[in-house]
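A.B. asks: Residue numbers (the numbering used here), protein chains in the order written: chain Z, 1 to 246; chain B, 1001 to 1311.
Simulated from the structure, these hints should not be mistaken for lab results.
All figures in this text were calculated on a predicted structure; none of them were measured in a lab.
Idealized CB from N, CA, C, for every residue including glycine.
Hints may contain errors.
[Unchecked claim] The calculated lysine-lysine pairs, modelled on DSS-like cross-linking and capped at a C-alpha distance of 30 Å, are:
#1 Z:K2 x Z:K50
#2 Z:K2 x Z:K193
#3 B:K1135 x Z:K99
#4 B:K1309 x Z:K99
#5 Z:K50 x Z:K197
#6 Z:K197 x Z:K99
[What the hints assert, rightly or not] Just a sample of chain B residues kept apart from chain Z, beta carbon distances all over 10 Å, derived:
#7 A1151
#8 G1175
#9 Q1182
#10 D1276
#11 A1303
[To be verified] Covered stretches of chain B, going by a simulated chain Z footprint (3 or more residues, C-beta under 8 Å):
#12 1015-1028
#13 1041-1055
#14 1102-1114
#15 1128-1136
#16 1153-1165
#17 1196-1203
#18 1213-1224
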Amino acid sequence: MKVLVALKEVGDPAVAVHVAAGDESVQREGVGGVINPFDEIALEAAIGLKEQGLVAEVVAVSVGPLVWEGSLRTALAMGADRAILLRTDSVLEPLQVAKALAACAIREAVGLILLGRQGVDHDWGVTGPMTAGILGWPQATCVSRFGLVRGYGEVVREVDGGGQLLRLPLPAVVSCDLGLNTPRYASLPNIMKARSKPLEIRVLPQSADPSWEILYYGPPVQRSSGRRVASVEELAEQLDQAGVLP
Amino acid sequence: MLASDRLGGPSALTARAVAAGTLLGRVDLLAAGSRSGEKAEAGRRIQGVDAVLLVNHSDAFPPSTENLAWLIQGMAGDYRWILAVHDAFGADLIPRVGGLLEISPVTQVNAILAPDVCTRPVYAGQAVARVILKKFPALLTVRPTAFAPAATIHALAPVLEVSLPAAVVSGRHQGYRSSPNQRPDLSEAAVIVAGGQGLESAHSFAAVEALADQLGGAVGATRGAVDAGLASSDLQIGQTGQIVAPDLYIGLGISGAIQHLAGIKDAGIIVAINHDPNAPLHAVADYSLVADLFDAAPRLGEAILARKKGR
Ligand SMILES: Cc1cc2nc3c(=O)[nH]c(=O)nc-3n(C[C@H](O)[C@H](O)[C@H](O)COP(=O)(O)OP(=O)(O)OC[C@H]3O[C@@H](n4cnc5c(N)ncnc54)[C@H](O)[C@@H]3O)c2cc1C
Ligand SMILES: Nc1ncnc2c1ncn2[C@@H]1O[C@H](COP(=O)(O)O)[C@@H](O)[C@H]1O
């Protein structure tokens, strides 16, 4: 079985974003930087399945600008067998990404698509289930445990108040959550080896007809900064006065 | 409006999304998924619900995300907006409907400015995007903390049974693993005491739990605390955990990373207790105390109890 892993680049989540009113440059903020943390987890899960002998090939795919080639090389160095860049210079809405991923999954005849639960730039969290809907494949989102058992995906989803156990017939789409694994680092020899692994670049056709448009970016509502209290007693008194104690 | 679900049963968050829905138009509430009858009963008492559409599941149409998305896409032509709470249920289902209808959803909506304009936070709440809807039915998930719940009323909305399509290929639900939690729910708690990696030296969350129990509050955690094995992941607050809005949030041994702050910005009052004066949580806190948490937290509990008795 082949596995497709969807990777996007985001701005480094450790770096603060400062936005002035009407700052459209935010739109580009996520373009270039690091692999979305959840996508590294998805990739690690795929490589793990290959190491267990449950998967024949791991294909990494990105839908984005040419500069994302670097992240795909990193994915190859981590252990992906092949990479595909569906090249576009437009900022896409999730539907276009999901359609491109679905078409790629059919073309490559994969049995499983692994993605991140959300891009930490725009926090949409929709591409996985949208792709599943387009393909008509079963889905599991926010997965913190995953195993392949007798041709089924056995998963635990993170849900409010606990976990949901699901058995997924394949082919299926799975979006990965933080608890699933700890992604490996690419070793230097593997970085060298990755240079000769296949990375195919295809141009994604333009498409219009947006579901929505982002009119404006602005700063969030600021909280007024508070005050230092000198002691536990003073804190208790302030909270009492504020009327928030039970 | 899709009735919200918590571990396969009705959720109090539905009333918050109904409040958001009434800003747009008349609201029909879809009671679907497991225990849909209970969801319908609770939903028909929510102010602003015109009618409850009940999905009676059976072996021929089990309550899976795949089946529900298929059902909703068939009903979509009758509606201009399709809404759900941005919880594990809605955030799973609405985008799948989006795939079927070829419409990208707008998730985590935190304000509705006009029938076709809403806002949502991006970059872990460091910026806000204003979005204009172009294709309808628009698909929205709303942040429950951003909308006060619609009232419960005596009048009962009518319940209409929905006719069901044939089932589609689905994952099979094998059960829930609920974490044993006697405390209030993070999503609804008036008081939350959250702990971070500052608790690691104690190898336990006892100091957090003790203060939470003294205040009758919920326990929350940072990703740092979850990774350190101090708290279970469903207690995680933040960009990739729960978004909370208690009247009072007390953070113990929490640095205040952007991703954690993303989850607490709607809290009424934020208190930081951290021995590092430069911890970023101090900068956003309404009251900040530079102190050792193992000393300060128990004393704060006592001081609060003493005040309660004095009242
Ligand atoms: C993609 C992504 C998503 C993330 N999502 C989330 C999320 O949803 N929620 C989340 O919380 N994090 C999230 N994180 C992690 C986040 O970036 C931080 O790493 C995390 O919040 C730090 O947790 P912490 O404050 O417990 O630990 P630390 O940053 O280690 O802070 C511990 C604090 O405890 C203080 N301390 C230590 N001992 C004591 C003592 N005895 N008394 C008083 N104070 C003490 C220290 O001074 C320090 O400030 C995410 C990260 C990424 C990359
Ligand atoms: N442009 C893209 N290219 C490849 N994968 C993507 C892209 N956008 C989103 N994804 C995948 O979809 C997941 C969810 O993204 P989002 O729906 O944007 O929050 C990400 O974690 C990626 O795995």
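A.B. asks: Given the hinted pair K50 (chain Z) and K197 (chain Z), is their alpha-carbon gap at most 30 Å?
C.D. replies: The given pair, whose Cα atoms are some 17 Å apart, holds under the 30 Å limit.
A.B. asks: For the stretch 1153-1165 of chain B, do at least 3 residues have a Cβ located nearer than 8 Å to some Cβ of chain Z?
C.D. replies: violated (count 0)
A.B. asks: Cut-off 8 Å, C-beta pairs, minimum 3 residues; does the coverage of the stretch 1102-1114 of chain B by chain Z stand?
C.D. replies: This one holds; 7 residues, not fewer than the three required, reach chain Z with a Cβ under 8 Å.
A.B. asks: Compare the distance between the alpha carbons of K2 (chain Z) and K193 (chain Z) with 30 Å, and conclude whether the hinted pair is satisfied.
C.D. replies: holds (21 Å)
A.B. asks: Can you tell me if the stretch 1213-1224 of chain B counts as covered by chain Z, using C-beta to C-beta distances under 8 Å and a minimum of three residues?
C.D. replies: holds (count 4)
A.B. asks: Does the claim that G1175 (chain B) lies outside the interface with chain Z hold up, using a Cβ gap greater than 10 Å?
C.D. replies: At roughly 5 Å from the nearest Cβ of chain Z, G1175 (chain B) sits no farther out than 10 Å, so the non-interface label is violated.
A.B. asks: Counting residues of the stretch 1015-1028 of chain B that have a beta-carbon nearer than 8 Å to any beta-carbon of chain Z, does the count reach 3?
C.D. replies: violated (count 0)
A.B. asks: For a C-alpha distance cap of 30 Å, please report whether K2 (chain Z) and K50 (chain Z) respect it.
C.D. replies: Holds, at about 9 Å.
A.B. asks: Please verify whether K1135 (chain B) and K99 (chain Z) have alpha carbons no more than 30 Å apart.
C.D. replies: Roughly 17 Å separates the two Cα atoms, so the pair holds.
A.B. asks: Is the claim that A1303 (chain B) lies outside the interface with chain Z correct, judged by CB distances over 10 Å?
C.D. replies: violated (4 Å)
A.B. asks: With d taken as the least Cβ-Cβ distance between A1151 (chain B) and chain Z, does d exceed 10 Å?
C.D. replies: The claim holds: A1151 (chain B) sits with its nearest Cβ about 23 Å from chain Z, beyond 10 Å.
A.B. asks: Please confirm whether D1276 (chain B) is truly not at the interface, meaning its C-beta sits more than 10 Å away from all C-beta atoms of chain Z.
C.D. replies: holds (13 Å)
In this structure, the hints that do not hold are numbers 4, 8, 11, 12, 13, 16 and 17, in rising order.
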